[in-house]
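Protein sequence lines, in the order shown, are assigned to chains F and B.
Residue numbers for the first sequence follow this note's numbering, beginning at 1 and rising by one.
Residue numbers for the second sequence follow this note's numbering, beginning at 1 and rising by one.
The hints are simulated quantities; they were obtained by calculation from the structure and are not laboratory data.
No experiment lies behind these values; they were computed from the predicted model shown.
Just so you know, not all the hints are guaranteed correct.
[Unchecked claim] Here are a few chain F residues that sit away from chain B, every Cβ distance over 10 Å (derived from the structure):
| hint | residue |
| --- | --- |
| 1 | Lys8 |
| 2 | Ser18 |
| 3 | Arg45 |
| 4 | Ser56 |
| 5 | Leu77 |
| 6 | Arg96 |
| 7 | Ser164 |
| 8 | Arg188 |
| 9 | Glu225 |
| 10 | Trp231 |
| 11 | Glu241 |
[Claimed, not checked] Once the Cα atoms are required to be at most 20 Å apart in a straight line, the calculated PhoX-like pairs of lysine-lysine come out as:
| hint | chain 1 | residue 1 | chain 2 | residue 2 |
| --- | --- | --- | --- | --- |
| 12 | F | Lys186 | F | Lys171 |
| 13 | F | Lys205 | F | Lys215 |
| 14 | F | Lys180 | B | Lys62 |
| 15 | F | Lys186 | B | Lys12 |
| 16 | F | Lys183 | B | Lys9 |
[Stated by the list, open to error] On the chain B side, residues computed to face chain F include the following (Cβ under 10 Å):
| hint | residue |
| --- | --- |
| 17 | Thr31 |
| 18 | Ile32 |
| 19 | Asp35 |
| 20 | Leu38 |
| 21 | Lys70 |
| 22 | Glu73 |
We treat Cβ as the ideally placed atom computed from N, Cα and C, and that holds for glycine.
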Amino acid sequence: MSTIRYDKIRTVETGFNSAALNMAIDEALIESVGEVPILRIYGWRPAAVSIGYFQSMNEEVDITKCREIGVDIVRRLTGGGAVLHEYELTYSFISRRYPQNIVESYKWICDAIVISINRLGLDASFVPLNDIVIAGKKVSGNAQTRRKGVLLQHGTILLGVNVSKMFSVLKVPSEKLRDKIIKDVKERVTSLAGTTYDDMATSLKTSFAAKFEAKLISDTLSTEEISHARWLAERKYSNNEWNLRR
Amino acid sequence: MRKAHNIYKSEKLIRIMLEYDEIENTISSITISGDFFLYPEEALEILEANLVGKRLEKETLKQEIDNFLKDIEVYGFNSTSLTEAIVGCKT
Numbered sequence: 001m002s003t004i005r006y007d008k009i010r011t012v013e014t015g016f017n018s019a020a021l022n023m024a025i026d027e028a029l030i031e032s033v034g035e036v037p038i039l040r041i042y043g044w045r046p047a048a049v050s051i052g053y054f055q056s057m058n059e060e061v062d063i064t065k066c067r068e069i070g071v072d073i074v075r076r077l078t079g080g081g082a083v084l085h086e087y088e089l090t091y092s093f094i095s096r097r098y099p100q101n102i103v104e105s106y107k108w109i110c111d112a113i114v115i116s117i118n119r120l121g122l123d124a125s126f127v128p129l130n131d132i133v134i135a136g137k138k139v140s141g142n143a144q145t146r147r148k149g150v151l152l153q154h155g156t157i158l159l160g161v162n163v164s165k166m167f168s169v170l171k172v173p174s175e176k177l178r179d180k181i182i183k184d185v186k187e188r189v190t191s192l193a194g195t196t197y198d199d200m201a202t203s204l205k206t207s208f209a210a211k212f213e214a215k216l217i218s219d220t221l222s223t224e225e226i227s228h229a230r231w232l233a234e235r236k237y238s239n240n241e242w243n244l245r246r
Numbered sequence: 001m002r003k004a005h006n007i008y009k010s011e012k013l014i015r016i017m018l019e020y021d022e023i024e025n026t027i028s029s030i031t032i033s034g035d036f037f038l039y040p041e042e043a044l045e046i047l048e049a050n051l052v053g054k055r056l057e058k059e060t061l062k063q064e065i066d067n068f069l070k071d072i073e074v075y076g077f078n079s080t081s082l083t084e085a086i087v088g089c090k091t
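Kindly generate the complete structure, drawing on both the sequences and the hints.
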């Protein structure tokens with residue numbers, strides 16, 4: 001198990017943004033992170049579907065339906081599955097120092113998420129590779145990438161679930177199995193209903209500080225980070241060339 | 001040239017879009033997508049490129065994929081399941 005500790009963690013709360021800007025900020029922070037790791041906390045407005053790096057937008061998402069109901073679409077830098085982001089808190093953790101072993105590094109960061117949920121009086125646990133569950137039901141999905149010597153892990157902590165809306169924008173592998181798939185998801189996914197975004201954010205920050213024995217440095221995005229993120233949002237994460245790549 | 005696709009359930013879902021030469025039984029183009037994790041991410045495009053021109057048969061493909069996976073970390077499929085997913089496009 002990793003013994004990496006941090007003296008400080010820079011915390012940045014970027015509020016609620018479009019899908020393109022949210023993913024652009026993550027990439028901008030990969031570029032800008034120094035020796036002090038960054039914990040970013042954010043939400044999505046409007047609601048958005050993100051797909052994994054290796055997924056096909058056309059195969060996974062009903063793009064027309066998303067346009068009709070005002071749901072953003074974006075492809076992530078990270079692998080994994082398609083997610084409807086609406087009632088949740090999303091975090092990103094970006095660091096130059098991390099366990100090289102991938103399974104270990106997921107656990108290393110997810111432990112802080114588990115602590116943050118359990119601080120609210122619940123009984124969450126980590127399930128490799130990348131899930132956090134309560135009573136066997138998924139409450140948080142996480143994904144990471146490593147670029148230029150930097151690890152970025154981002155993930156969702158569900159504060160509510162709307163499975164019907166989820167499957168109005170996500171395609172299913174087999175229409176014949178649609179009802180069964182929806183039933184399965186309802187049985188396998190849960191949320192921290194009743195927990196507010198602000199309470200979750202506070203618990204998350206406290207838990208990262210405790211897990212990594214670090215002092216939190218509350219900060220905002222720098223002018224350069226905002227400028228770079230806006231450029232990436234416009235030139236990359238809003239474009240079909242990126243979003244429809246596979 | 002024939003187009004084909006397959007959806008294969010391994011630990012994760014693998015989707016294959018394939019064009020192949022029916023006479024030579026070789027792959028002309030291939031796209032592998034799904035909800036898996038692969039590190040480094042860009043390596044998948046190298047695998048796809050390496051598979052072009054290869055015979056669409058299990059032994060050849062599995063050997064190529066095994067070689068590729070030596071230096072790559074994948075969560076969600078292995079060489080056997082990916083081979084099955086690709087060959088399954090023909091059925």
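Results of checking the hints against the structure:
1. Separation of Lys8/F from chain B is adequate, the least Cβ-Cβ distance of about 28 Å exceeding the 10 Å criterion.
2. The claim that Ser18/F is not at the interface with chain B holds, since no C-beta of that chain comes within 10 Å of its own (minimum 23 Å).
3. Listed as outside the interface, Arg45/F is consistent with that label: its C-beta sits roughly 25 Å from the nearest C-beta of chain B, beyond the 10 Å cut-off.
4. Residue-level check failed: Ser56/F sits 4 Å from the nearest beta carbon of chain B, not beyond 10 Å.
5. Residue-level check failed: Leu77/F sits 8 Å from the nearest beta carbon of chain B, not beyond 10 Å.
6. Listed as a non-interface residue, Arg96/F keeps its Cβ farther than 10 Å from every Cβ of chain B; the least gap is roughly 17 Å.
7. For Ser164/F, the non-interface assignment is confirmed: its Cβ lies about 21 Å from the closest Cβ of chain B, beyond the 10 Å cut-off.
8. The beta carbon of Arg188/F is kept farther than 10 Å from every beta carbon of chain B, the shortest such distance being approximately 15 Å.
9. No beta-carbon of chain B comes within 10 Å of the beta-carbon of Glu225/F; the shortest separation is about 23 Å.
10. Residue-level check passed: Trp231/F sits 21 Å from the nearest beta carbon of chain B, beyond 10 Å.
11. Its beta-carbon lying about 15 Å from the closest one in chain B, Glu241/F satisfies the requirement of being farther than 10 Å from that chain.
12. Using a Cα cut-off of 20 Å, the hinted pair Lys186/F and Lys171/F holds, with the two alpha carbons roughly 16 Å apart.
13. Restraint check for Lys205/F and Lys215/F: satisfied, since their Cα atoms lie roughly 10 Å apart, inside the 20 Å limit.
14. With a C-alpha separation of about 33 Å, the suggested pair Lys180/F and Lys62/B falls outside the 20 Å cut-off, and the hint is violated.
15. Annotation: proposed proximity of Lys186/F to Lys12/B holds, straight-line Cα distance about 19 Å (limit 20 Å).
16. Simply put, Lys183/F and Lys9/B have alpha-carbon atoms about 19 Å apart, close enough for the 20 Å limit, and the pair holds.
17. Checking Thr31/B against chain F by beta carbon gives a least distance of about 6 Å; that is within 10 Å, so the hint holds.
18. Against a cut-off of 10 Å between C-beta atoms, the interface hint on Ile32/B holds, since the closest Cβ of chain F lies about 7 Å away.
19. Given the 10 Å rule on beta carbons, the hint for Asp35/B holds: about 4 Å separates it from the nearest Cβ of chain F.
20. At about 6 Å, the closest approach between the beta carbon of Leu38/B and any beta carbon in chain F falls short of 10 Å, and the interface hint on this residue holds.
21. Because the beta carbon of Lys70/B sits about 16 Å from the nearest beta carbon in chain F, more than 10 Å, this interface hint is broken.
22. A least Cβ separation of about 6 Å between Glu73/B and chain F falls short of the 10 Å threshold, and the interface hint therefore holds.
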